Amino acid sequence: MMPLPRFKLERPQSLTEALQLLGEFPDALPLAGGTDLLVSMKQGLYTPGRLVDLKGLKELATLEINPEGAFLGAGVKLSTIRDNCLIRERYPALSEAAGVVASPNIQNMGTLGGNVCLDTRCWYFNQSEFWRNSKGYCLKKDGDICRAAPSAKRCFAVFSSDTVPALIALGARAELAWWDGESTIHREIPLEELYREDGIHRIALKRGELLVGVRLPAAHGIRSGYLKYRKRGAIDYPLASVAVAMRMKDGTMRDVRVVLGALASSPVTASEAMELLEGAQPSPELLARVTELIGKRTSPVKNQAGSPAHRKQMARVYAQRLLTRLTA
Amino acid sequence: MKTSSFSYVGKALPRIDGVAKLTGDAQYTDDIHLPGTLVGKLLRSPHAHALIRNIDVSKAEALPGVRGIVLGKEAPICFGILPRAEDENALAIDKVRYVGEPVVGVAAVDERTALEALKLVEVDYELLPALFDPYEAMTREDVKIHKESEVANIERRATLEFGSVEEGFAAADHIREDTFFKAAITHAPIETHVALANYRDGKMTLWSTTQVPHYVHKAISRVLELPMDRVRVIKPTLGGGFGGKGEPFSYEFVACMLSRKCGRPVKIVHTREEVFMSHRGRHPMHMKLRTGVKKDGTITAVEFQNLLDGGSYGSYGLVTLYYSGQLLTLPYILPAYRFDGVRVFTNKPACGALRGHGGVGPRFAFEVHLDRIATDLGIDPVEIRQKNALKPNTMTLNELRITSCGFEECLEKAGKAIGWNERRGKLPRGRGVGIAGGGYVSGANNAIYFNPMPHSSVNISVDRGGGVTVFCGASDIGQGSDTMLALVAGETLGIRPDTIKVISADTDTTPVDLGSYSSRVTFMAGNACRSAALEVRRKIVPIIAEKLGVPEETVQIKDGIASAQGHSEKTLTFAQAVVLAESKGTSIYGSGGYTPPKLGGSYRGAGVGPSPAYSFGAHAAEVEVDEETGVVRVLKLVAAHDLGLALNPLAAEGQVEGAAVNALGEVLLENHDITDGGQHACPSLLEYKIPTMLDVPDVEAILVESVDPEGPFGAKECGEGSLHPSIPAVVNAIYDAVGIWLHDAPITPEAVLSALKKGEQP
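Chains C and L, in that order, give the protein sequences. The first sequence begins at 1 in the numbering used here and counts up one residue at a time. The second sequence begins at 1001 in the numbering used here and counts up one residue at a time.
Hints in this document: simulated from the structure, not taken from any laboratory. Note that the structure is a prediction, hence the values are computed from the model and not measured. Hints should not be assumed to be uniformly reliable.
[Unchecked claim] Pairs of lysine-lysine, DSSO-like flavour, derived with a Cα cap of 30 Å:
| no. | chain 1 | residue 1 | chain 2 | residue 2 |
| --- | --- | --- | --- | --- |
| 1 | C | K231 | L | K1636 |
| 2 | C | K231 | L | K1758 |
| 3 | L | K1203 | C | K296 |
| 4 | C | K8 | L | K1119 |
| 5 | L | K1757 | C | K312 |
[Unchecked claim] If you want a taste of the chain L side facing chain C, the calculated C-beta under 10 Å gives, among others:
| no. | residue |
| --- | --- |
| 6 | A1152 |
| 7 | L1669 |
| 8 | S1684 |
| 9 | D1744 |
| 10 | T1748 |
[Claimed, not checked] Residues of chain C clear of chain L, computed beta-carbon distances all greater than 12 Å:
| no. | residue |
| --- | --- |
| 11 | K135 |
| 12 | D180 |
| 13 | L239 |
| 14 | E278 |
| 15 | L286 |
Note that beta-carbon positions come from the ideal geometry of N, C-alpha and C, so glycine has one too.
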């Protein structure tokens, strides 16, 4: 057995109460499905004094899909996102992404918010205290060097969420909230602005700030999809992933968004590829050229299964396949 | 004997413990709670190779809640599963040899306190250079992992030679040489290792997740210096072994030491990471094969070199080493054969036995090598196997006695099921089929330690209600040996197997069986059980005959009702017969044992390999290779396995399917790899990739029945040999799909892509 470190469990009855707790206690962490955090806590990676349990908060449970767009509460289970017929119809990339997170059991526990705020992962970090002590601690926890890239000054832990590339491709905005001491303050930002290219300071949340949900624009005519490269059929984080959303108008590609996952510490928007695709007519030659540009500015390091070059190559192959599928 | 003449044998029998397991009722070791039980934990070495200068436990001892601490010097007697390799201590005394080696044992009132105490123990290590590469370890005289090794870190070199190898090569029309590498895999049973020890009134009781209660019994007695009659080892319901619980382990001794010291029960439960560090799995093997053949594919000579990376301790390694050489003479006729093998120590978790022990690496290598030879010669891979196939009632050149052998039938059936003739070489690029063969022991002919006793013994008692209870030391590790015993006893006695009780694997109440390893239990415990049941039958039949007034030879019993042939109106229940017997002053019991016949040669190494019977198999795979990603998907796997006779087809199919899936993980996903610092590269079931349901294709198990003359009702091994051929079948199918040969397993997408790039090298 690996026991959890001791912590106090807070069970707020409202979002306001949750935000107050998170604001008041600097050592508090929010707990959603717990499928990732509790494992990390058992490994001694996080030792929060309190866990603020978000389960059952109705403000996070909203699931609204209408012709103008959608609002998906952070507390919605991944299995709901996977199965909801409107999401499948209008935002297939998101439904596909939710359906390849870990396994169906974990999708039943894990939440959209948890996956959007998923910690970055690294072979040198996601290990037990015993292992890290034996190998030597790393920058992300207790150490002073990045073991994957010892000459680097920053942490290269990998952005590993499946739903985020899909959400960014679909134009999602994140709704955030925090307690300023007197009232709840809300703000909304484009989802991509939530992430930073740093395995440690990976997410641009203020202290005590919580993701309430994500807002999606109207899906009129949007085609989208998500492909994930992994070692086995389930229970695997992505080694490379790609999400694409676009419209087709008069035989040309419009509003093209291509987002890569698991190749850096944050999701990567493949802007060169997008530029080339925008307004163009799809053809095998074009897609081949575009594929060359995929992952151009990413430089994954050896901190996951599979070599960095292979992971990058897979992002290219999957991007080409996905574009081919969506433009067919 | 024909299947149709049996009452229960050959029919699907759900396992007798199935309902208890499904409902959560079954008692696994960790389900046993004794009042006042302390939690035991092991402090493990963070270093791969170091001297222990000093251990200071004073701060840990002072921690409130700590009840006892034990050190290696308190139990200096060495243990090891093989008498020739007793090189381990319950806890390291003056040296650690791998990351994770247990150094100190702590018992405390709860888990957190025990873990806290571990942090307070101060161990002063002097670091030594660590060796991880077996080639380096073979030559480094300056770094000795075990000072007893005569040459560098070589534990043992084994050479075997049969027939005239030079003449064989001289007579060959074609000679081919290939090198192969097969990485380690580990067992990954769902239940981690657990021990609960209770020392009371001078007697030690140990409940443990072990495949070998008898060997643990002996080892505990020896290391703790307690007479064997003061030690009782019980194996509760067990959640999978696959060889990973097949020898005594540190935690078992430490639980006992702590319980004796504290006067309280002590339980040690391994984390998943600790299971990975304990290992004892497949040896990484660096292999070289050279084979001479005639133009028609007839093998003239084989030369095999194998370097086994043994890790830090002996474990079963010497047997692995010899098995790897000896079992290569199955399932083909080799007229001349030379083996040169070396097992080397490195600073990694010790390797030992894992499902298919010893033969899996060499089988992978040889079957791919054979396909390459067939390709060189332009011969069909099935044909070259048929041409060289071993025949029944023959002797291999290394003196393995072959009795029943259904290898050719396996080849034929596997080929047919995969559509060999219509599809081999004819599928669109990217799709392919492959085939491979194999053979394995049905139990080792020789016990691990020399003794003249039966390998398995069974007692059967019958109570006044007509209830039958089988007592046997055999260890049901999930393979279903309890159900097998009930079936054999039931068939012999004419009692429904699902009504028979089985008490097994308790050294106080059950007679000795050597344990669940080497695929020996059905053959050996099955025979012992049959012999015990026959004794019961011999005692009860005369009583029935007398009561019914018929000749003894006409008595038949079915479903617990005795009758006489030709006199169906005359019946007596088995229970009535038992009461009658008891009224005559004797309670009914039976006792039987199984000792294998004397077999094998007299040369050095001849002791490993002989078995009273061998299973054979041929597997065929269909794969799809994605040439852009390098991902190999197995679409179908056919496993034709000669198991002599399917006592319980339901269980047998489960074993064959399970073994085939085990092999799929081994060929495509699993790698028990160690980092350059000695840490396990993937010590969790997230990062160590056993296949999920989505990775498993349609598996078709074909049970081939060659009816073994010495097996119980004709049965032989079925749970291990059915692993071997799947690995090369997949590799050979990849060649058919995209024209590349892969010589390193597991096969990664990167390796496929790089081979595609290079053409069909190596």
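Now for the hints, and whether the structure bears them out:
Restraint check for K231/C and K1636/L: satisfied, since their Cα atoms lie roughly 19 Å apart, inside the 30 Å limit. Of the supplied pair hints, the one linking K231/C and K1758/L holds, its CA atoms being roughly 23 Å apart against a limit of 30 Å. For the given pair, K1203/L sits about 69 Å from K296/C by alpha-carbon distance, which is inconsistent with the 30 Å threshold. Between K8/C and K1119/L, the direct Cα distance comes to roughly 23 Å. Compliance with the 30 Å bound is thereby established for this hinted pair.
The hinted pair formed by K1757/L and K312/C meets the criterion: a straight-line CA distance of about 17 Å does not exceed 30 Å. Contact between A1152/L and chain C, as hinted, is not supported at the beta carbon level, the nearest pair being about 26 Å apart and thus beyond 10 Å. Interface hint at L1669/L: satisfied, since its Cβ lies 6 Å from the closest Cβ of chain C, which is below the 10 Å cut-off. Taking 10 Å as the C-beta contact cut-off toward chain C, the hint placing S1684/L at the interface holds, the least distance being around 8 Å.
A hinted interface residue such as D1744/L counts as satisfied when its beta carbon comes closer than 10 Å to some beta carbon of chain C; here the least separation is about 15 Å, so the hint is violated. At a threshold of 10 Å, the smallest CB-CB gap from T1748/L to chain C is about 8 Å, leaving the interface hint in force. Not every Cβ of chain L is farther than 12 Å from the Cβ of K135/C; the closest lies at roughly 5 Å, contradicting the non-interface assignment. Every Cβ of chain L is farther than 12 Å from the Cβ of D180/C; the closest lies at roughly 38 Å, confirming the non-interface assignment.
With a least beta-carbon separation of about 10 Å from chain L, L239/C fails to lie farther than 12 Å from that chain, contradicting its non-interface assignment. Residue-level check passed: E278/C sits 25 Å from the nearest beta carbon of chain L, beyond 12 Å. Even its closest Cβ contact with chain L, about 18 Å, leaves L286/C beyond 12 Å, as expected for a residue assigned away from the interface.
Hint violations for this structure: numbers 3, 6, 9, 11, 13, all remaining hints satisfied.
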